[in-house]
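Visitor: For reference, the chains in residue letters:
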Amino acid sequence: MVKTLNRTALALVLVAGLVGLQQVQAPAQAVPRQLRVAIGIDADRLDPAEQTTTTIANVVDYMFETLVDLHPVKNELVPRLATRWQVSRDGLTYTFTLRRGVRFHDGTPFNAEAVKFTFERLQDPRVAVALRFLVQPIKSVEAVGEDTVRITLSKVTPTFLSDLSTTQFAIVSPAAVQRAGDRWRAAPVGGGTGPYVFKEWRRGDSILLERNPAYWGKKPLFDEILFRVVPEAGTRLTQVLAGDVHQAMLPPAPDVKRLRRDPRVTVVEAPSDRVIFVAMNTQWGPFKDVRVRQAMNYAINKKAILASVLFDLGTVVDSPCPSMMFGYSKVQEGGWPFNSTKAKQLLAEAGYKDGFEVNFFSPTGRYIQDFQFAQAIAAQLRNVNIRANVSTMDWPSYVAMIQTPLERTRIQMLVLGWAWPVLDCDGVLYGQFHSSNHPPRGLGPAFYSNPKVDQLLERERQEPNVERRKAIMKEAQEIIWHDAPWIWLWSQKWYVVTAKNLEGVLIHPIEKWTALCEPEAPAVGHHCVTWK
Amino acid sequence: MGLYLLRRLGLAVPTLLGVTVVVFALIRLIPGDPARLILGLQASEDEVARLRVELGLDRPLYVQYARFFARLVRGDLGYSAVTREPVIGEIGSRLPATVQLAVSSIVLATLVGMAAGILSAARQYSALDYLVMTVALFGVSLPVFWLGLMLMLLFSVYLNWLPAGGYGTPAHLVLPTVALAAFSVAIIARMTRSSLLEVFNQDYIRTARAKGLHGRVVILRHALKNALIPVITVIGLQFGALLGGAILTETVFAWPGMGRLLVSAITARDYAVVQGVVLVFAGLFTLVNLAVDVLYAYVDPRIHYG
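So the sequences go chain by chain: C and F.
Under my numbering, the first residue of the first sequence is numbered 800, with each subsequent residue one higher.
Under my numbering, the first residue of the second sequence is numbered 276, with each subsequent residue one higher.
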């Protein structure tokens, strides 16, 4: 009995080895009929206007297209459904020339009327537009001719063109929306212009798309695309290794180091615009003193934590705004320096020679290694006599805690990540450091308040001149950096793992992957996902 | 019997009502703002406030419960705040997957568990007995998410025999069934064994053996039937648990069942869905318990329901 068992085990190991060897060679394969992509969450809804999560917006991008698009390599705006645009001198009127000969999946023509319909629909309160503040500046939309649209704004909005590249502004077919009625949200049949057409959404399981044979751009490579909902990171990775799927988002972070050397797969990784930071409540006890906040920054060795706790899935920030955003200006080369002597000296000057006790919250599993690096930070703070007590809670409670007003807040310091769907520094600077965004109005848990910064950020929002706007944001970044309302940490990477044969997948800084083909951009040309 | 069933079903109603009150209160007592969670951190406060009103979250709790209850009486579980689809539909699209997995697991667990328990009891203190009980110990102790990943690694990545998670074909059902059944197999095997051993000491078994009956006949005809009551109880409890608690298995195997629906509804604070799913779970559990009671009477004619 035991002998048989042994022999079986040996055979099993041998078979496993052989199969393993076969997989290593990864011979050239025919293009699969169906591309399968594992995503971590199920869709809530598929109407582009009502998108709330980046990953589902990414799925929607295969079916629906926006007027302008953000190029992932160049990080600049490129034409998609609009071929040209002009902005009036006062920055209030945008005139778009639309691509000709494009049809929606239902056969109706894409034209100025469709654009007008889409934008007016975004203003309809019955449509749940999560980022409606991006729509609010729009005063009117006019169809000037068949292929010309004029959009008038009620106030100067320097980020308007970038805003238009977000999925919620994707153009939908008026006929399809009206035909679908209440079904539209879950089954947007025939409504887009993109390379793939909606086929079926099986709740909790998968979303199936089919090739659009009449696509105006480069012909789609795969007959079908199946997005499989796989909540567990380890399972997503297993599915890639087993050949069940060709691409999976966010495999387990601790595996990434090994996967980078695995000949069967490719890890595609890139910095994202999600900055990870420790917000200090600047209106609580010791943190009222800027010297203490600076000392906190000196006390943390970010590079060491990145290497040992985050598997290098991050880049140390050198400004309040991450580097891929418009308006970014480097404040301190290499990030805030690690210098515990300096930290102790500043603490002593502020009267905290013996340190102090502070509560320190971190979510678990929301950001890469969040609870783990929070503990590393607490350990490093010990070296300068600051006793940070780390605790965690589930995400809904965490958000509720952040939304608590100052009088009742429990926040002394906490880990948070902030990303913005548009690559413009305004998203992080105004969203986190303008005093109007103190909780519960906004979600800036540092309760940072500096009238000079407020004034700069208000000016930046009304400045149509690109260079002057950059200069204003540069000044704001410098002031905020030295005021140190946060412990400046890193911008987190975003990553997917793909089968070796699937080539050309790119990661956008806004935590998306390329939806097959990028629009043509000067100096980069056409970029597409291919199968080798 | 018919009257008994009706009365039992009638008694289930106040139980389920109690469940609705508890669930309604619990999900609202834990912190978390559904509107903010649904719209995301970047959404503006105006939009969040608008959604709160739309979901009726600005109303006092008793008004919210009254609305929920009025709908429930009409058989309407309300709408999901996340997908804005009827909760009935959400549950309907997930229920088949859950039932499928629970049924296949309980069938596998019953067959394997009882067989192992019988073998083990028949050869008490033999090497086989020790082997079965040791394996059973592993079955109870292995966390399902680890076992699931290991099964996928072996059968999907190395051997390429079965898909690594997902839903649709019978092949997809194999690994989650095995992973989910492991715990129940172990419990059922241990219960069958101990229950049988107890019966073995009874006089009538000695009589049966003394009559010269074949060992197999003694065990299967005389002993097993009398040892079944506690086993059925355990199987019933396990089945109820499988119907409602396969959350980890569903997560690891990307199985689109109700457990995952419940977890994602809780993390989104999607109140209507949480209430609906728990209500369905409670209803299923009640039904399973009722079936177990009926089975008792069938197995042991001394049990009467009047």
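Please keep in mind that the hints were generated in silico from the structure rather than gathered at the bench.
All residues carry an ideal CB built from backbone N, CA and C; glycine is no exception.
Each hint should be verified, as a subset may be incorrect.
Unchecked claim - Partial selection, computed: residues in chain F whose CB lies under 7 Å from chain C:
id, residue
1, 307
2, 333
3, 335
4, 336
5, 339
6, 340
7, 425
8, 427
9, 431
10, 438
11, 440
12, 444
13, 570
Visitor: Decide, hint by hint, whether the structure agrees.
Guide: Comparing the hints with the structure gives:
1. 307: holds (3 Å)
2. 333: violated (14 Å)
3. 335: violated (19 Å)
4. 336: With a minimum Cβ separation of about 17 Å from chain C (threshold 7 Å), the hint on residue 336/F is violated.
5. 339: violated (18 Å)
6. 340: At 21 Å from the nearest chain C Cβ, residue 340/F fails the 7 Å test, so the hint is violated.
7. 425: violated (10 Å)
8. 427: holds (5 Å)
9. 431: Where the cut-off is 7 Å and the nearest Cβ of chain C is about 4 Å from residue 431/F, the hint holds.
10. 438: holds (5 Å)
11. 440: Status holds, d = 5 Å.
12. 444: violated (12 Å)
13. 570: Hint violated; residue 570/F Cβ to chain C Cβ min 32 Å, cut 7 Å.
Hint compliance for this structure: hints 2, 3, 4, 5, 6, 7, 12, 13 are broken, all remaining hints hold.
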